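This is what each chain is made of:
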Amino acid sequence: MKPRFLRFWMAQVALAPAWLIVIFAYIGTILWTIQISFTSSKVFPVSNYVGFSQYTRLFGSERWIISVQNLAIFGLIFIVGCLILGFLLAVFLDQRIRAESVFRTIFLYPYALSFIVTGLVWQWTLNPTLGVQQTVRNWGWESFTFDWLSRGDRAIYVIALAGMWQASGLVMAILLAGLRGVDGELWKAAKVDGIPTWRVYVHIVIPILTPMFVTATVLLATAVVKVYDLVVALTNGGPGISTEVPAKFVIEYLFQRQNLGLATAASTVMMITVLCVLAPWLYVQYFRKPRSAH
Amino acid sequence: MASLTANAHVEPSGPRPKRIGPGRYGVYAFLIISALFFLIPLYVMIVTSLKPMDEIRMGNLFALPGSPSFDAWIKAWSQACTGLNCEGIHVGMLNSIKILIPSVILSIAVGSVTGYALSFWRPKGANILFAILLLGAFIPYQVFLYPLVRILSMVSLYNSIPGVVFVHTIFGLPLMTLLFRNFYAGIPIDLFKAARVDGGGFWAIFLRLMLPLSTPIIVVAAILQITGIWNDFLFGLIFAGRENFPMTVQLNNVVNSSFGEKEYNVNMAATILTALVPLFVYFVSGRWFVRGIASGAVKG
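Heads up: the sequence lines are chains A and B, in that order.
Number 160 in full-length UniProt numbering belongs to position 160 of the first sequence; there are no gaps in the numbering.
Number 26 in full-length UniProt numbering belongs to position 26 of the second sequence; there are no gaps in the numbering.
Simulated from the structure, these hints should not be mistaken for lab results.
Bear in mind the structure is a predicted one, so any value in this text is a computation, not a measurement.
Please note that the accuracy of each hint is not assured.
Over 10 Å on every C-beta distance to chain B, these chain A residues come out as not near it, computed from the model [what the hints assert, rightly or not]:
| id | residue |
| --- | --- |
| 1 | I66 |
| 2 | Y201 |
| 3 | P207 |
Partial chain B-side listing against chain A, Cβ under 7 Å, derived [unchecked claim]:
| id | residue |
| --- | --- |
| 4 | V44 |
| 5 | G59 |
| 6 | N60 |
| 7 | W121 |
| 8 | G136 |
| 9 | Q142 |
| 10 | V143 |
| 11 | F233 |
| 12 | T248 |
| 13 | V255 |
| 14 | P278 |
Glycine included, each C-beta is placed from N, C-alpha and C at the ideal position.
Working from the sequences, and respecting the hints, build out all of it.
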């Protein structure tokens with residue numbers, strides 16, 4: 001018998017593109033980025049090693065600190081908001097209602113739209129001089145105020161709202177599939193025992209749906225770290241720097257402010273944070289129980 | 001769904017649950033209010049695009065247009081200014097199509113072969129490759145960007161459509177591989193073994209056995225990639241170059257350009273035009289779209 005490598009040589013050839021991408025486009029670029037982050041590179045990468053000074057500068061930068069805080073606020077409201085709204089939508093849709101597919105279609109369509117489109121639509125709807133605020137004033141409520149988009153301390157909540165509008169339908173779709181998989185016997189048994197519906201949901205159904213909640217949370221969290229276009233379209237980081245986010249910070253310092261050292265340090269911090277959160281989950285999900293070998 | 005309806009005919013032995021009543025109205029009230037929350041932006045977008053500017057200045061967002069016209073749509077399509085040139089959003093649409101078609105085909109081709117090799121053949125190192133690909137799906141793009149710009153410049157692909165296509169293929173690989181690997185994991189191994197006994201090689205089994213079986217997952221993958229690539233902003237902005245900006249980038253330039261009075265009707269028309277392709281895919285594919293996002297929901 002030929003050695004395993006030779007036996008599967010064609011499989012190795014077929015995997016060559018994937019290996020090339022992994023080695024050069026993933027690992028190589030990551031190492032390169034980390035290397036730049038330890039230099040004093042400005043417009044062009046240079047190779048004088050400056051230790052952790054870019055990282056010190058990064059965490060001394062008000063813009064970065066605000067970006068991280070905004071990401072935390074946005075992420076918390078966005079994830080929790082999407083999970084709650086998505087769960088409620090799924091539960092209410094699961095009550096054998098009329099026109100279920102119409103509602104389902106309405107709740108999910110924003111997910112097909114890009115963050116750019118989402119951002120622009122909400123920017124227009126909540127425009128303080130022409131949008132909802134002005135409309136309500138025209139209706140006769142002269143003092144009505146909803147100008148969060150132009151307020152530095154509130155605009156990040158509008159971004160979270162727009163994000164929820166876009167992604168709640170995703171959570172609904174995932175959880176609805178989960179609810180449809182719940183055994184009908186369970187509901188009958190609960191009814192026999194006279195347990196109120198809400199308690200069945202809280203104590204039995206939600207635990208059953210845990211894997212779906214985890215999946216949804218992972219998907220939403222990935223979107224949180226990547227959030228860039230939504231902010232660009234909705235506020236472009238403003239007013240001032242009040243809605244900056246890390247992804248935007250990096251792109252700006254890479255391509256407009258020409259500070260490679262600082263930008264790569266920031267992106268390295270982003271990556272390490274994500275890896276720390278993900279590694280345990282990926283391990284549990286994929287590698288603890290290996291599939292039986294063919 | 002079918003099983004639930006079937007169960008409805010079985011009388012539970014306990015006290016009959018109250019089905020019709022105030023609770024029922026509550027259910028519908030919640031669903032209708034939620035539907036309004038999801039529909040209002042779409043309504044505002046459409047209504048605004050059909051109004052002339054002086055009607056918009058009166059500031060009634062929800063009012064129906066007095067005399068609806070498609071002037072703003074025509075202007076958005078052929079005259080709106082994106083930065084310096086004023087050729088309308090249709091330039092971006094053409095660019096988006098030129099980026100989309102090769103990106104979808106290439107990423108599915110590489111992803112399906114990789115998924116197939118990983119699930120049936122599992123050559124040496126397959127697990128490592130799979131682990132890195134999985135991690136790659138979650139790592140923020142910011143870490144890859146600058147070196148990729150440099151690499152693509154070295155091979156003269158930076159600021160070109162092949163360059164963006166390449167980037168979409170690179171970053172589509174984890175999801176595509178996962179999708180196909182999971183799909184092939186569900187195909188009975190005996191089928192594969194039988195093909196091996198019959199003397200089928202790597203490519204023969206892939207092309208003549210697996211690919212014909214893969215139609216459903218190819219549809220799902222195509223839906224995911226079409227919406228994802230069409231909606232992309234970041235890669236188009238960084239890798240395409242000014243001449244080749246996709247529609248999303250041009251749309252943002254139209255709306256957020258700082259000079260002159262903002263023509264909200266034109267902006268909204270341009271926004272709708274940009275959203276048309278993913279919306280079309282969503283409405284046409286229906287359940288497949290849901291299946292796509294559920295499969296995209298990284299599960300093993």
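- request: Please name the hints from earlier in the document that this structure breaks, with their numbers sorted from lowest to highest.
  value: The structure breaks none of the hints.
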